[in-house]
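Undergrad: Given next are the chains, with one letter for each unit.
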Amino acid sequence: MREIALHLLDIAENSAAAQSQNIRIEVHEDLSNDSLATCVIDDGRGMDAQTAQQVQDPFYTSRTTRSVGLGIPLLKSAAEMAEGRFSLQSEPGKGTCVEALFRHSHVDRMPLGDLSATFLTVLISHPQVDWAFSYRVTAKDGQSRDFVFESAELRRELGDISLTEPEVLTFVRGMIEEGIDAVTLQTVY
Amino acid sequence: MPAIKSLEELKRIREEALQKKQMKATPGNVQVIVAMGTCGIAAGARDTMKSVLNFIETENVSGVTVTQTGCIGLCEQEPILQVVLGDQPKVVYGKVNAQVAQKIMKQHVQNGQPVTENMIIV
Numbered sequence: 000m001r002e003i004a005l006h007l008l009d010i011a012e013n014s015a016a017a018q019s020q021n022i023r024i025e026v027h028e029d030l031s032n033d034s035l036a037t038c039v040i041d042d043g044r045g046m047d048a049q050t051a052q053q054v055q056d057p058f059y060t061s062r063t064t065r066s067v068g069l070g071i072p073l074l075k076s077a078a079e080m081a082e083g084r085f086s087l088q089s090e091p092g093k094g095t096c097v098e099a100l101f102r103h104s105h106v107d108r109m110p111l112g113d114l115s116a117t118f119l120t121v122l123i124s125h126p127q128v129d130w131a132f133s134y135r136v137t138a139k140d141g142q143s144r145d146f147v148f149e150s151a152e153l154r155r156e157l158g159d160i161s162l163t164e165p166e167v168l169t170f171v172r173g174m175i176e177e178g179i180d181a182v183t184l185q186t187v188y
Numbered sequence: 000m001p002a003i004k005s006l007e008e009l010k011r012i013r014e015e016a017l018q019k020k021q022m023k024a025t026p027g028n029v030q031v032i033v034a035m036g037t038c039g040i041a042a043g044a045r046d047t048m049k050s051v052l053n054f055i056e057t058e059n060v061s062g063v064t065v066t067q068t069g070c071i072g073l074c075e076q077e078p079i080l081q082v083v084l085g086d087q088p089k090v091v092y093g094k095v096n097a098q099v100a101q102k103i104m105k106q107h108v109q110n111g112q113p114v115t116e117n118m119i120i121v
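As given, the protein sequences belong to chains A and B, one line each in that order.
Following numbering that gives the first Met the number 0 from start to finish, the first sequence increments by one per residue and tops out at 188.
Following numbering that gives the first Met the number 0 from start to finish, the second sequence increments by one per residue and tops out at 121.
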């Protein structure tokens with residue numbers, strides 16, 4: 000994986016596979032604190048303490064086609080490589096929260112990458128999920144800019160029209176890309 | 000800075016899409032499925048997805064359902080894309096980068112001719 004945004008896509012896919020109704024992806028670039036914090040929170044089926052520990056091991060997977068599962072261990076090592084932290088909290092029946100923290104200026108921190116492509120991909124792939132996206136950038140002087148997107152309202156308006164109708168797609172893609180661009184422009188060291 | 004798109008605009012777009020849907024003769028359900036396991040994502044599945052969506056937008060293709068699947072156990076062939084046209088059997092494609100995705104969308108999804116060079120026979 001070359002981008003943090005790709006890791007977030009991977010973790011969000013886990014959340015969707017766990018039959019979540021609501022999935023929230025948060026990214027906070029905080030230059031005043033030299034940190035980049037990400038989390039994916041879902042209300043899916045969750046895991047017991049033992050499974051939550053096992054999924055951090057690359058030689059464990061819930062899948063039956065193969066016996067390795069690399070998604071979570073890869074994100075964990077990416078965070079730890081950049082002087083960050085990784086945490087996974089889960090409760091059966093309640094959901095899972097995966098957090099990864101990076102030191103923003105660390106030379107080994109991978110780039111954030113194409114966040115809008117990640118958001119659009121999960122939204123299109125799992126239209127039945129209520130998605131919430133939050134991207135916040137805090138400048139060195141402590142001033143913050145936010146992008147917030149929630150898919151529930153969008154779905155209410157669209158009714159039975161698919162997100163992949165060309166006009167709708169143009170609208171939604173524009174909404175996410177413009178929103179993220181407006182926040183990203185402020186990221187200057 | 001461009002204005003944030005409003006829900007009013009979305010309502011208008013919805014009406015237009017609805018009208019178009021009623022006008023066109025339905026050729027049956029068209030499904031494009033991108034494999035989004037860790038292996039798929041690491042191999043570039045998000046770019047494949049982006050390319051499919053880009054084709055739908057630029058060529059104004061209506062009535063295509065785009066969805067995802069997990070790892071199907073053919074990680075070395077990722078990014079994998081599957082196409083289902085109506086009640087025809089599913090066609091599985093391997094090593095589908097953004098360019099190959101454009102070709103599949105044009106040749107197979109729009110014109111019904113599978114792209115044989117990238118087909119995986121399972």
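These aren't lab readings, by the way, just hints derived from the structure by calculation.
No residue lacks a Cβ here, since even glycine has one placed at the ideal position from N, Cα and C.
Warning: the hint list may mix true and false statements.
Just a sample of chain A residues kept apart from chain B, beta carbon distances all over 10 Å, derived [to be verified]:
{"hint": "1", "residue": "16"}
{"hint": "2", "residue": "25"}
{"hint": "3", "residue": "34"}
{"hint": "4", "residue": "53"}
{"hint": "5", "residue": "82"}
{"hint": "6", "residue": "85"}
{"hint": "7", "residue": "111"}
{"hint": "8", "residue": "139"}
{"hint": "9", "residue": "161"}
{"hint": "10", "residue": "169"}
{"hint": "11", "residue": "172"}
For lysine to aspartate or glutamate, the following DMTMM-like pairs were computed, each having C-alpha atoms within a straight-line distance of at most 20 Å [claimed, not checked]:
{"hint": "12", "chain 1": "A", "residue 1": "93", "chain 2": "A", "residue 2": "180"}
{"hint": "13", "chain 1": "B", "residue 1": "49", "chain 2": "A", "residue 2": "2"}
{"hint": "14", "chain 1": "B", "residue 1": "10", "chain 2": "A", "residue 2": "159"}
{"hint": "15", "chain 1": "B", "residue 1": "49", "chain 2": "A", "residue 2": "113"}
{"hint": "16", "chain 1": "B", "residue 1": "49", "chain 2": "A", "residue 2": "33"}
{"hint": "17", "chain 1": "B", "residue 1": "89", "chain 2": "A", "residue 2": "176"}
{"hint": "18", "chain 1": "B", "residue 1": "49", "chain 2": "A", "residue 2": "152"}
{"hint": "19", "chain 1": "B", "residue 1": "19", "chain 2": "B", "residue 2": "56"}
{"hint": "20", "chain 1": "B", "residue 1": "19", "chain 2": "A", "residue 2": "180"}
{"hint": "21", "chain 1": "B", "residue 1": "10", "chain 2": "A", "residue 2": "166"}
{"hint": "22", "chain 1": "B", "residue 1": "10", "chain 2": "A", "residue 2": "149"}
{"hint": "23", "chain 1": "B", "residue 1": "49", "chain 2": "A", "residue 2": "156"}
{"hint": "24", "chain 1": "B", "residue 1": "105", "chain 2": "A", "residue 2": "152"}
{"hint": "25", "chain 1": "B", "residue 1": "10", "chain 2": "A", "residue 2": "152"}
{"hint": "26", "chain 1": "B", "residue 1": "19", "chain 2": "A", "residue 2": "166"}
{"hint": "27", "chain 1": "B", "residue 1": "10", "chain 2": "A", "residue 2": "156"}
Undergrad: Take the hints in turn and mark each one as holding or not.
TA: How the hints compare with the structure:
no., hint, result
1, 16, "6 Å, violated"
2, 25, "19 Å, holds"
3, 34, "25 Å, holds"
4, 53, "16 Å, holds"
5, 82, "24 Å, holds"
6, 85, "16 Å, holds"
7, 111, "14 Å, holds"
8, 139, "22 Å, holds"
9, 161, "7 Å, violated"
10, 169, "5 Å, violated"
11, 172, "7 Å, violated"
12, A:93 with A:180, "34 Å, violated"
13, B:49 with A:2, "16 Å, holds"
14, B:10 with A:159, "13 Å, holds"
15, B:49 with A:113, "11 Å, holds"
16, B:49 with A:33, "31 Å, violated"
17, B:89 with A:176, "33 Å, violated"
18, B:49 with A:152, "23 Å, violated"
19, B:19 with B:56, "15 Å, holds"
20, B:19 with A:180, "31 Å, violated"
21, B:10 with A:166, "11 Å, holds"
22, B:10 with A:149, "17 Å, holds"
23, B:49 with A:156, "24 Å, violated"
24, B:105 with A:152, "33 Å, violated"
25, B:10 with A:152, "12 Å, holds"
26, B:19 with A:166, "11 Å, holds"
27, B:10 with A:156, "7 Å, holds"
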